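Asks: Chain by chain, the residues:
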Amino acid sequence: MTARRVFVPRDAAARAAGADAVAAAIAGEAARRGLDLEVVRTGSRGMLWLEPLVEVDTPEGRVAFGPVSRRDVSGLFDAGFLSGADHALGQGPVARMPWMMRQQRVTFARTGIVDPLSLADYRAHGGLGGLHKALAMTGAQIVEAVTQSGLRGRGGAGFPTGIKWKTVHDAAADRKYVVCNADEGDSGTFADRMVMEGDPFMLIEGMAIAGLAAGATTGFIYIRSEYPDAIATMSGAVAAAGQAGLLGDSVLGSGRAFRIEVRVGAGAYICGEETSLLESLEGRRGIVRAKPPIPALKGLFGQPTIVNNVLSLAAVPWILAHGAQAYADLGMGRSRGTLPVQLGGNVRRGGLVELAFGVSLRDIVMEFGGGTRSGRPVRAVQVGGPLGAYLPASQLDTPLDYEALAAIGGMVGHGGIVVFDDEADMARQARFAFAFCAAESCGKCTPCRIGATRGVEVMDRIIAGIDRDANLSLLEDLNQLMTDASLCAMGGLTPMPVRSALRHFPEDFRRPALPRAAE
Amino acid sequence: MPAYPAWDADAARALIAERAHLDGAMLPVLHALQERFGHVPREAVPLVAEALNVSRADVHGVVTFYHDFKDAPFAGRVVRLCRAEACQASGCEALVDFLHGRGVPLDERPAHARVAVETVYCLGLCASGPAALVDGEPVARLDPARLAALCEGAAVEAVREMVP
Ligand SMILES: Cc1cc2nc3c(=O)[nH]c(=O)nc-3n(C[C@H](O)[C@H](O)[C@H](O)COP(=O)(O)O)c2cc1C
Ligand code: SF4
Ligand code: FES
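Residue numbers (numbering that gives the first Met the number 0), protein chains in the order written: chain F, 0 to 518; chain H, 0 to 163.
Derived from the structure by calculation, the hints contain no laboratory data. Note that the coordinates shown come from a computational prediction; the quantities given were computed from them, not determined experimentally. In this text, a Cβ means the ideal position worked out from N, Cα and C, and glycines have one as well. There's no promise every hint is true.
[Unchecked claim] Covered stretches of chain H (chain F as the covering partner; in silico rule of three or more C-beta atoms under 8 Å from a C-beta of chain F):
#1 20-33
#2 57-64
#3 82-90
#4 102-111
#5 147-160
[Stated by the list, open to error] Simulated restraints on C-beta separations:
#6 F:Glu-475 x H:Arg-12: 49 to 57 Å
#7 H:Glu-34 x F:Ala-463: 41 to 49 Å
#8 F:Gly-60 x H:Thr-118: 55 to 63 Å
#9 H:His-99 x F:Ile-407: 35 to 43 Å
#10 H:Ala-71 x F:Gly-89: 45 to 53 Å
Pulled out of the complex, with its shape left as it was, chain F reads as follows (with noise of 0.2 Å):
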């Protein structure tokens, strides 16, 4: 008989709340019952308020058990969970459970079930049949079907991937890359660490698939280095993958060459910004170029680059094995496939919310993640990062698209949304906009180095009620200076929050000014 298996994830996010803990307990409580169990690091579902989230083998499919500690563990053996058995923790079968139910999980079908480092495990899910149909295609027929697919980078700029593929494989060089934005620096994002910690072969399988597509025999994945968990995980899997010849010299035994290495960004937001990121992995500042020259036609080392977010590469062997039509099936208007929202902040149930483009911010502030984790009324939700715009709870009803978005003045972004509740107070989050822009902005444009440093002052003055009709019009000046003059969205976009926290909540920007009380 084949040991009974338990699963515990070892995403960072159920490390941090104690998962290492309580898969040693699991192990430690079978050996001294004498039980034949094998524990399982899994990545995580992304239902992060159950953290650490146990599950079980049953006849019924895994059954899970959340949020476990430590001192939860044998009372968890006791009422017999390795066969499913009810427990106070019960969560019951996680194919029924709410969340999980509601949710079209396309890029994170896999994430919480399989051991992230196991090809056999990868294999056995579906993992490399786009790689299988991409190395009996032509590039330009992957081109086409990621085309088709409809599928928009994910990074933030939603451009169009297979345009951007095509330019690539058009452009006509003795070498190529693809280079794997890892960096995610978006405030209230972690859906490409949760590829990377709990799915990393499907990011290597898009890449080797971009690869083809391009001609391009090296990839890179560069990320950021406030992600230590990943970087273990990605490294690991990208060897693991070399040794069985998924990646290097032949492909899966095709005679095509293509080879990945991690490279490790050192701490700066802008190194996100694709140009600037090109910069960082060629061993220089980060500083962003001025385009054109766009990356897919001189990138890298100046040669023709694809570089693309962890979702978008992530997306494309699924596209590849189910059909690229499958995938614009789902979505609205040009926002087409699935979009992995990641839910944070004051929030109930926070974590990621993987569905088809149009599903409301309200189903996903108030449905899923069950309003604030304060218990008081849902403010505001910023949504897409630092850039993103700050929106009143009145305009919950919009869908989440890349169109209707910008409609009112906000963005997607990478998906995150983050939650306030009426304790917030948006002229600190508008000062906070433009204190971050000013560290980490590159330096290369005065506009936005000198600008975030003014907006802070003026913010400082309006807060602090000094003059304000003068200086709301100074920022709105400032604003305008940013938008139109950055070179990059880092400068032209930090009026964005700004000036949708000024919109939506002015009362916010006229209050007596009251020294704070823990000053």
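Since chain F is already given, all that's left is putting chain H with the ligands on it; use the hints.
Replies: Only chain H with the ligands this time, still in chain F's reference frame:
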């Protein structure tokens, strides 16, 4: 807590040589030096410049551009506290006030201190904030008691298990 070795030019040369062949070797080289010595020693700059065929000013420019590269080692525990939006919404600024109240400086590495608390913007733990990386180990749902325990040197696993 790490105790870093003194400057050793031969060891540094070896670290550099192992990576100099990489395309874009600069960051891998600097990370390796920092991991070994706890900082990028000034003495290493000319060695890196020579091995990578760039000017010393270029190396210096890179070292100073990136927040991660430090100019002095720190032997204590480093708590990188997230102060980005999702953690703000979960109360990280109250923790900053709490540290102030206890006289723990932020974003400084006082010599001989047992702990340094530094600002970081997002650790990808945004649904479980306020979050921190403690010598590289993730900790979530920080509150004053947990943060105080971390500052007093409690084991990370023990802090993770503290009932909020
Ligand atoms: C300031 C700034 C930060 C960015 N950070 C990221 C990031 O962390 N990850 C990412 O994938 N794209 C980021 N981007 C977008 C990239 O420049 C680029 O559009 C993206 O990597 C392209 O991949 P995609 O088409 O798959 O989205 C950033 C852009 C700007 C202006
Ligand atoms: S807008 Fe800011 S980050 Fe972008 S190039 Fe200019 S200075 Fe650099
Ligand atoms: S905002 Fe704090 S971990 Fe993401």
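Asks: Compare the structure with each hint and give your call.
Replies: Cross-check of the supplied hints:
| no. | hint | verdict |
| --- | --- | --- |
| 1 | 20-33 | holds (count 9) |
| 2 | 57-64 | holds (count 4) |
| 3 | 82-90 | holds (count 7) |
| 4 | 102-111 | violated (count 0) |
| 5 | 147-160 | holds (count 3) |
| 6 | F:Glu-475 x H:Arg-12: 49 to 57 Å | holds (56 Å) |
| 7 | H:Glu-34 x F:Ala-463: 41 to 49 Å | holds (44 Å) |
| 8 | F:Gly-60 x H:Thr-118: 55 to 63 Å | violated (44 Å) |
| 9 | H:His-99 x F:Ile-407: 35 to 43 Å | holds (38 Å) |
| 10 | H:Ala-71 x F:Gly-89: 45 to 53 Å | holds (52 Å) |
Hints 4, 8 from the list above are not met by this structure, while the remaining hints are.
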